[in-house]
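Peer 1: Line by line, the protein sequences are chains A and B.
full-length UniProt numbering numbers the first residue of the first sequence as 1 and each following residue consecutively.
full-length UniProt numbering numbers the first residue of the second sequence as 1 and each following residue consecutively.
Among the hints, a few may not be true.
Simulated pairs of lysine-lysine, DSBU-like, Cα-Cα distance not exceeding 35 Å [claimed, not checked]:
hint	chain 1	residue 1	chain 2	residue 2
1	B	Lys23	A	Lys38
2	B	Lys279	B	Lys196
3	B	Lys280	B	Lys214
4	B	Lys279	B	Lys214
5	B	Lys23	B	Lys201
6	B	Lys280	A	Lys11
Sample of chain A residues facing chain B (criterion: CB under 7 Å; computed from the structure) [said to hold, decoys possible]:
hint	residue
7	Gly15
8	Val25
9	Ala26
Pair ranges (Cβ atoms, derived) [stated by the list, open to error]:
hint	chain 1	residue 1	chain 2	residue 2	range
10	A	Thr40	B	Arg25	50 to 56 Å
11	B	Gly90	A	Gly33	54 to 60 Å
12	A	Leu22	B	Met254	54 to 60 Å
13	A	Val25	B	Arg25	45 to 51 Å
14	B	Val110	A	Thr40	21 to 27 Å
15	B	Phe119	A	Val25	28 to 34 Å
16	B	Gly90	A	Lys4	55 to 61 Å
17	B	Pro47	A	Val23	17 to 23 Å
18	B	Pro42	A	Thr40	19 to 25 Å
19	A	Leu24	B	Phe119	37 to 43 Å
None of these hints come from the bench; they were simulated from the model.
Glycine included, each C-beta is placed from N, C-alpha and C at the ideal position.
Residue-level listing of the chains:
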Amino acid sequence: MAFKPEHEIYKRRFGRNLGLGLVLVAFVFLVFGLTVVKVTQVGQVQGFDHVVRPELVPVEAEEGVSE
Amino acid sequence: MTDTHVYAPTGDAGFGDYVALLKPRVMSLVVFTALVGLLVAPVGVHPFVGMAAILFIALGAGASGALNMWWDADIDAVMRRTRNRPVPAGKVSPGEALGFGLALSGISVVMLALATNLFAAGLLAFTIFFYAVVYSMWLKRLTPQNIVIGGAAGAFPPMIGWAVATGGVSVESVLMFAIIFMWTPPHFWALALFMKEDYHKAGVPMLTVTHGRKATRAHILIYTILLMPVAVGAGFTAIGGVFYTAVAVVLNLMFLAGAIRIWRRDEAVAEADGYAVEKKVFRFSLYYLFLHFGAFLGQAVLASYGLGGW
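Given the sequences, and given the hints that come with them, work out the whole structure.
Peer 2: Quick look at the structure:
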C-alpha cells in the first residue's frame, strides 16, 4: 500500500519545531552557565548550621560591642 | 499602520521567517559595535557574561526590528527592497510579529539586567522603545529628519556594551554613540539617492522627496563634515591613540572626498552613469563604520601591549 507523499507544510513545521527546540536548549545552557559564573564570582560562601562561628560575625558589630 | 486583512498569512512560517523578522544584517552591526564597546571599556567582564550580554543586546535589537516590521508592513509591501519581508510576503501574520517582538523585548531586557546590570538593561529598553516607537511609529512618516533622529537607535549598542562593563556612561561611550549617530544620515541619504522610486512610492518623507535631490546632496556633505571632528576627536580620548587616529584621519578624508563628489554632481550626470558615485560612497560608508570600530579594537589590543598610546 502506498502512503500519500508528505505535504511540504509538515517539513516546514518540523523545521520550525526543531529550531525552537534547539533555541530553548541553548537558552537553558546559557542560564545554567550564567548561574555558574555568578555563583563562583561571589567568593567563599559558608552555610548557616545553627552554630555560632566568630568568623561569620560582621566586623562592624564587633566594634559596636567593644565601644 | 498594519492592516491585518491585507497581510493574511498564506501558510505556516518556517524558522527562517522568524529569524528574518529580527533583521539579521542590522543585528550583525549591532553585535560588532556592542562587542567593541564592551571590549574597549576599562573594566573587565567574565567572558561568558560578556558573550551572554552581547547575545541579549542582539536579541533586543532583533526584537525592535520585528516591531518595526509589524508597524511598517504597509510601507514594506510597496518598496521593492522590503516587499519580501515575512509580514508583507504573508508568511508571518502582523499579530505574530507584534507578539514575537514584544516577547523578545521583554526577555532580552530582563535577561540583560540579570546577567549584567540595571543600567545596561535600561539603556537596551530605551533603545528598543526609541527604534520601535519614536522612529518607526512617530518620526518615520512625519519628518524628513527621520533618519537623523532615528539614527540614535542604531548608535546605542556600543554605549550598552560599555555600560555592561562599567555600569555607566563616559565621554568615550558618548563619542562611540556620536560616530554612528552622525554617520547614519549621509549613509542613508546616499542610499536614498539611488533608491528614489521606492521611498517616493511608499510616501516616506525622505529628504530626497521633500527637499529635492540637490538639497540631499548638500546635506550629505554637511553631515560628513560634522562627522569628521567627532570621529577623529575620539582618537584623543582613553580609547584612542596613534593607531586609531591615523585610521580615522584617512577614512574621514576618503569619506569627505566621496561626499564632495556627490555634492558636485547633478541628476543628469548621476542618471547617466547609473548613480555609480552614490553607490560607491554608500558601500564605502559601510566599510567606514566597520573600520572605525575595528580600529578601536586594534587600539585596545595595542594598548594591552603598552603600544600606540599618546
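Peer 1: For each hint, tell me whether it holds in the structure or not.
Peer 2: Hints and how they fare:
1. Pair hint B/Lys23 plus A/Lys38 holds up; C-alpha atoms about 31 Å apart against a cutoff of 35 Å.
2. The suggested pairing of B/Lys279 with B/Lys196 holds, with an alpha-carbon distance near 13 Å, which does not exceed 35 Å.
3. Distance hint between B/Lys280 and B/Lys214 is fulfilled; the C-alpha atoms sit about 18 Å from each other, no more than 35 Å.
4. The hinted pair formed by B/Lys279 and B/Lys214 meets the criterion: a straight-line CA distance of about 17 Å does not exceed 35 Å.
5. For the hint pairing B/Lys23 with B/Lys201, the CA-to-CA distance comes to about 23 Å; that is within 35 Å, so the pair holds.
6. Proposed proximity of B/Lys280 and A/Lys11 is contradicted: the alpha carbons are some 42 Å apart, above 35 Å.
7. Hint status for A/Gly15: holds, given a least beta-carbon distance of 5 Å to chain B, under 7 Å.
8. Of the supplied interface hints, the one on A/Val25 is violated, with its beta-carbon coming no nearer than about 14 Å to a beta-carbon of chain B, more than 7 Å.
9. The interface hint given for A/Ala26 is violated, since its Cβ lies 9 Å from the closest Cβ of chain B, which is over the 7 Å cut-off.
10. At roughly 37 Å, the beta carbons of A/Thr40 and B/Arg25 sit outside the given window of 50 to 56 Å.
11. Checking the proposed 54 to 60 Å range against B/Gly90 and A/Gly33 shows it is violated: the Cβ atoms sit about 39 Å from each other.
12. In this structure, A/Leu22 and B/Met254 break the distance hint of 54 to 60 Å, their C-beta atoms being roughly 43 Å apart.
13. A hinted range of 45 to 51 Å is violated for the C-beta pair A/Val25 and B/Arg25, which are about 26 Å apart.
14. The hinted window of 21 to 27 Å between B/Val110 and A/Thr40 holds, with their beta carbons roughly 22 Å apart.
15. The hinted range of 28 to 34 Å is satisfied by B/Phe119 and A/Val25, whose Cβ atoms lie roughly 31 Å apart.
16. In this structure, B/Gly90 and A/Lys4 break the distance hint of 55 to 61 Å, their C-beta atoms being roughly 26 Å apart.
17. Hint check: B/Pro47 to A/Val23, Cβ distance near 22 Å, so the stated range 17 to 23 Å holds.
18. For the hinted restraint 19 to 25 Å between B/Pro42 and A/Thr40, the CB-CB distance of approximately 23 Å keeps it satisfied.
19. Distance hint check for A/Leu24 and B/Phe119: the Cβ-Cβ separation is about 29 Å, which falls outside the suggested range of 37 to 43 Å.
When held up to the earlier numbered hints, the structure conflicts with 6, 8, 9, 10, 11, 12, 13, 16 and 19 and fits the remainder.
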